[in-house]
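Got two chains here, each in a separate frame; can you build the complex from them with the hints?
Protein sequence lines correspond, in order, to chains A and B. Sequential numbering from 202 applies to the first sequence in the working numbering. Sequential numbering from -10 applies to the second sequence in the working numbering.
Wrong hints could be hidden among the right ones.
Stated by the list, open to error - One-sided and incomplete, this derived list gives chain B residues near chain A with beta-carbon spacing under 7 Å:
(1) -10
(2) -8
(3) 30
(4) 37
(5) 55
(6) 56
(7) 67
(8) 87
(9) 90
(10) 96
(11) 104
(12) 107
What the hints assert, rightly or not - So the derived label-pair ranges between C-beta atoms look like this:
(13) B:14 x A:545: 24 to 32 Å
(14) B:-3 x A:213: 55 to 63 Å
(15) A:490 x B:20: 57 to 65 Å
(16) A:397 x B:119: 37 to 45 Å
(17) B:107 x A:582: 18 to 26 Å
(18) A:401 x B:129: 19 to 27 Å
(19) B:130 x A:306: 56 to 64 Å
(20) B:-3 x A:397: 19 to 27 Å
(21) A:487 x B:97: 45 to 53 Å
(22) B:97 x A:454: 47 to 55 Å
(23) A:698 x B:119: 52 to 60 Å
(24) B:107 x A:343: 33 to 41 Å
(25) B:20 x A:700: 49 to 57 Å
Said to hold, decoys possible - These stretches of chain B come out as covered by chain A in the derived footprint (C-beta under 8 Å, 3 or more residues):
(26) 68 to 75
(27) 108 to 116
Quick caveat, the hints were computed from the structure, so don't treat them as lab data. Here the structure is a predicted model, which is why all the values come from computation and not from measurement. Virtual Cβ for every residue (Gly too), placed ideally from N, Cα, C.
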Amino acid sequence: MEILSLLGQGFVVAATPLNIGLLLMGCFIGTLLGALPGLGPVNGVAVLIPLTFAFGFDPTSSMILLCAVYFGCMYGGRISSILLNIPGDEPAIMTTLDGYPMAVQGQAANALAISGVASFVGATIAVLGLSLFAPVLARAAIHFGPADYFALYILAFATIGGIAGVDPRKTLLSALIGLLLATVGLDPISGVPRYTFDSFHLYDGIEPIVALVGLFAISEILMLLEMHLKDRPKAIPVGSWLPQWGAIWKTRAAMLRGSGVGFVAGVLPGAGASLGSFMAYVAEKQWSNKKGTFGKGDPRGVAAPEAGNNAASGGALIPMLSLGVPGSGTTAVLLAMLISLNVQPGPLLFERQPDLVWGLVASLYMANIALLILNLPMIGIFTRLMMTPTWALMPVVAAVTFVGVYGISNSVFDLEMMVAFGVIGYVLRKMDVSLVPLVLGLLLGGDMERNLRRAMSISDGDWSILIASPISIGLYILTAGFLVLSVWLAVRDHRQTQAERLTEG
Amino acid sequence: MSVRILGVAIFVIAALYTRQAGTYAVTFGDVLGPTVFPIIVGIPMMILSASLVVFPTGQVDWPAPQRMGRQAAALAVLVGYTMTLEPLGFPLATFALIALIGIILGGAPWKAVVLGAVMAPALWALFDQVLGLPLDFLGELFV
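If we strip away everything but chain B, and leave its shape as in the complex, we get (with noise of 0.2 Å):
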């Protein structure tokens, strides 16, 4: 079943990209232009995908509701680094990354604390002062 909603999932895109590449206009001295390559990309996808909504092949095993769970905390922790980054400041935003991925791998609560109290500042020192690559300390948060 997940193979075949896959299968659906890249049929329409590969349609809508194929509609799509009949929009871009052909520039005159260049022969395909840039329309004709995303087509022959385009139409094979449909078909392959439409076969593996008929045909399909493979067992795929979702994991248990509990460990979903942890991957959605999980990715949630990622996308929230994403965001707190700039603001926060490397070591602070890095500091809850190690912490909350630790605690969400299986970690004992504290020693995971401890784990991203020692390995930000020492990551942000590395690279920072070490190596040379400009992270920010502090972020807006004083600004």
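Looking at chain A on its own, in the form it has when it is part of the complex (with noise of 0.2 Å):
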């Protein structure tokens, strides 16, 4: 009862005129860049900050507008996948495998309207998780000591990407590169400035928002340039947008099933939509591939996956919201916008500023409705936008990423650092190290710090303060879990591809 009540309280928020032309905004803007190929929602979301920051507004509202863009690419990304073959976003790669399939057998209307259903399904899904299990595990966190915090972002840290399948060292030196950035910069504590070499652009720190602009923005315009440029895609034409009721309904186990697995996998820490279309999908085909169906057409292929990654996407925000800790690339970088704005996420968020997070849960509700909207009736409008040539919309990217940089502080400095950012980012992500934990260490970093200072200042200068709770014990043994996980299916998955190797040779 508590909770209707206090969502009630945030459908008031919500419905401001201002929120509510947000709201709308964000979901168009969110589809758009959905359904381009080469735009995603971590991107989107890193070019929008800045410019949310320079209109001032107020946390709510920029976390209204930039949850609505979050959850737009989700929606957008099938799109591309259905028409084109090429996945607007990461996590609709998993929609080309059956949507494609079912457009050229003339069957587009229906997946794109499964496929919409489908997200509309995840996502209420879980937004509903998110009003009931968010509070309940801030209630549960607000028991952590500085210890325990210091536990946690060891956690986050080494679960974060950690059970991706890549080199698990790579993981970790990227998000130790964030630890290092994060502390550059006047030490809070002593006044000391360290590692600022006598610049004092510097001694503010590395603003997390200009850093990451740059390593996801900049760097894929790089990535952009050694692609083929010549060969356009073509889209599937479409005769009629009207789907068949019955085919969408049909769907609804596989939509269910697919929304189930993708919130838990959102809500695991590390893993966000792409894992959660991915496990929906595989969960799926081994449900129900009777027949041998699956990756020419199947209507469960296209639902499964597509209510996965919006179920992700939705639970990821649990434990950013209600512990501080992200538990993917787009919530990192939500959570980078708030710690900017001087709201530090975690479970005292709920107590402080519920205005902030029922407004913002209640916006999601309306985001979806709206969302539905966009994504059926009204799809011929993001078909056609979809079609802007590459050379044409990425200039105009940089031109309002540069705007939006620049609108925060005025500073050149900022300019050059968020290009210099994107070489990294790029040289980076071509040796596959993931870029999220990077950010994650630099947004954390300090208040990790803080949190073991504090901690070895109860204690007098004894370290075994930091073993002393039961609480950050079991952090401890589930990072120790974590690791021994990943580093074991990185080794297999090295002997894998060598065998691989030997057998072809």
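Put into structure tokens, the structure is as follows:
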């Protein structure tokens, strides 16, 4: 009951004209960014953050706008997956497997409608889960002391990206680079300037927004330049946009299963929407691929991953809001924005700023309805805009990126730093080093150090305080478990590729 | 090979970083001081990067020279933009940015120039006039 009244208050906050306007704008921009190949949720949100700063929106309105963009991307990614066979963003990769064959067989309208409804089901279930579980988790986390927070951050770094199967050493190194960057600037406790090279630009530290816009948006331009530019894909022409409603109804079970799998994947740290859609597809294939129709245009193969990626993206908001530890790349970027607006996510957020939390949750319910309308009856707009050629799109995106970062501080130094981070991001991505742990390290590094030093001040220099509470011991055990698992997975993958190489040679 | 070079680079940075951390003085009442946390970060960094040098993983496919040239050109344009934004003002610098990046991305030159000529003033009008984000119109051109 308490949740219902809080949610009611949330709707009051979310229903102001400004917030509704931002919500609709965010849904539209998000769907478009998702549909355009090459622009995904991380880049989209990263580019928009500086703009929300520059316009001086309050944290609640900024979060409503950016979460609408985030959800919109998850809806929009499927459009190019189905019509172009190119995923609009990373989580939509699985949708190409059955969505494109369906479109080839003349069922494009059905595929788009099924995936649209599946997105709605997945996202709505995730927002329901968010309303129910996030407050519970926040209430449990209120007992965390400084040493426990230190342990929680260690867990976050060990797990994020760790299950993805790439070399876990690279993931850890990425997190450490982020922590290294976080120590640049005046030390908040002693006032000593660290690693500033006597440049006053660096006294305030490295602005995370500048770093992450460079890492994601600028490096994307460099990535784009090494691909083929000339071969433009042709979209499959769609005769009628009207789907057969019976075909949608038949996939209802797949949608629900996909939502459940995706939601769990999203809540776990370090996974995010891509893993959510992948796991949902694999699970659905195991469950219902009795006649071998998957991969050849099975509607359930469209419904499950779409429900999965939307459920995962909603689920990833839970650890971000209630613990201050994001579960995916985009939520890490959202966390960066909240911290920059002086809002510290975590258990206290639910007590101190219920308006922000519940206003956001309420607006997500509304966003889902708006997105369903944008993505079913109004889908024709996006299929046309989606064909904007890259040479025209990316320069304008680059210009908007510069405006946004310049708008925060009016400093050319920040623009130069952003370009430098773009190069760093490009090199690291080429080496299979995930950038999400780096961003997380840069964001949480300051807090991690403060908690460590606070804990050590309480114990007067006795390191055993770090493992004095059952909470921190439990978190360290969990961390060790995840590390063992990710090393095991990496070794197994390594052996597999070597075995394949041997059989090929 | 690339991964090995990356490992060496990170190792050197981490070693310098850790050495520098030792020079920060501990103040009274702050048990760990500004020194210990960077050391906690630096030492595992050195170990991990050293292990990447010895046991590298993953293959890196660098782009062909011609495409690398394209990337270098784009970078030059981006850096050039940071240097010309204040002297030339927003519309002019942005026109050059959009037109040049458009050409580098393979657009027909005249189309890219038209795009820049339309979008640069449009973006200025949108951000400066409509949304109230102050952007210089002519910079220091006629000062």
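Quick rundown of the hints versus the structure:
1. Restraint check, residue -10 of chain B versus chain A: the minimum CB separation of about 11 Å is more than 7 Å; hint violated.
2. With 7 Å as the threshold, the beta carbon of residue -8 of chain B comes within range of chain A, its nearest partner Cβ sitting at about 6 Å, so the hint holds.
3. Interface hint status for residue 30 of chain B: upheld, as the beta-carbon distance to the closest one in chain A is roughly 5 Å, under 7 Å.
4. With its C-beta approaching chain A no nearer than about 5 Å, residue 37 of chain B sits inside the 7 Å limit, and its interface hint holds.
5. A hinted interface residue such as residue 55 of chain B counts as satisfied when its beta carbon comes closer than 7 Å to some beta carbon of chain A; here the least separation is about 10 Å, so the hint is violated.
6. The interface hint given for residue 56 of chain B is met, as the beta carbon of that residue sits about 5 Å from the closest beta carbon of chain A, less than 7 Å.
7. Restraint check, residue 67 of chain B versus chain A: the minimum CB separation of about 5 Å is within 7 Å; hint holds.
8. With a least beta-carbon distance of about 4 Å to chain A, the hint placing residue 87 of chain B at the interface is held under the 7 Å criterion.
9. Taking 7 Å as the C-beta contact cut-off toward chain A, the hint placing residue 90 of chain B at the interface holds, the least distance being around 4 Å.
10. Interface restraint check for residue 96 of chain B: the shortest CB-CB distance to chain A comes to about 3 Å, inside 7 Å, so the restraint holds.
11. Taking 7 Å as the C-beta cut-off, the interface hint given for residue 104 of chain B holds, the closest approach to chain A being about 6 Å.
12. A hinted interface residue such as residue 107 of chain B counts as satisfied when its beta carbon comes closer than 7 Å to some beta carbon of chain A; here the least separation is about 10 Å, so the hint is violated.
13. Take residue 14 of chain B and residue 545 of chain A: their Cβ atoms lie about 29 Å apart, and the range 24 to 32 Å holds.
14. Take residue -3 of chain B and residue 213 of chain A: their Cβ atoms lie about 58 Å apart, and the range 55 to 63 Å holds.
15. For the pair residue 490 of chain A and residue 20 of chain B, the supplied restraint of 57 to 65 Å holds, since their beta-carbon distance comes to about 60 Å.
16. Distance hint check for residue 397 of chain A and residue 119 of chain B: the Cβ-Cβ separation is about 38 Å, which falls inside the suggested range of 37 to 45 Å.
17. At roughly 21 Å, the beta-carbon separation of residue 107 of chain B and residue 582 of chain A lies within the given 18 to 26 Å, and the hint holds.
18. Between residue 401 of chain A and residue 129 of chain B the CB atoms are about 23 Å apart, so this pair conforms to the stated range of 19 to 27 Å.
19. A hinted range of 56 to 64 Å for the beta carbons of residue 130 of chain B and residue 306 of chain A is consistent with their spacing of about 59 Å.
20. Here the CB-CB span from residue -3 of chain B to residue 397 of chain A is close to 25 Å, well matched to the stated 19 to 27 Å.
21. A beta carbon spacing of about 49 Å between residue 487 of chain A and residue 97 of chain B agrees with the range 45 to 53 Å that was offered as a hint.
22. Distance hint for residue 97 of chain B and residue 454 of chain A: a CB-CB separation of about 50 Å, consistent with the stated range 47 to 55 Å.
23. Distance hint check: the CB atoms of residue 698 of chain A and residue 119 of chain B are about 53 Å apart, consistent with the given range 52 to 60 Å.
24. A C-beta distance of roughly 54 Å is found between residue 107 of chain B and residue 343 of chain A, which places it outside the suggested range of 33 to 41 Å.
25. Roughly 52 Å separates the CB atoms of residue 20 of chain B and residue 700 of chain A, a value that falls within the hinted 49 to 57 Å.
26. Figure legend: the segment 68 to 75 of chain B, annotated as covered by chain A; annotation consistent (6 residues with Cβ-Cβ distances under 8 Å, at least 3 required).
27. Here's how the segment 108 to 116 of chain B fares: 4 of its residues keep a CB closer than 8 Å to some CB of chain A, so the rule of at least three is met and the hint holds.
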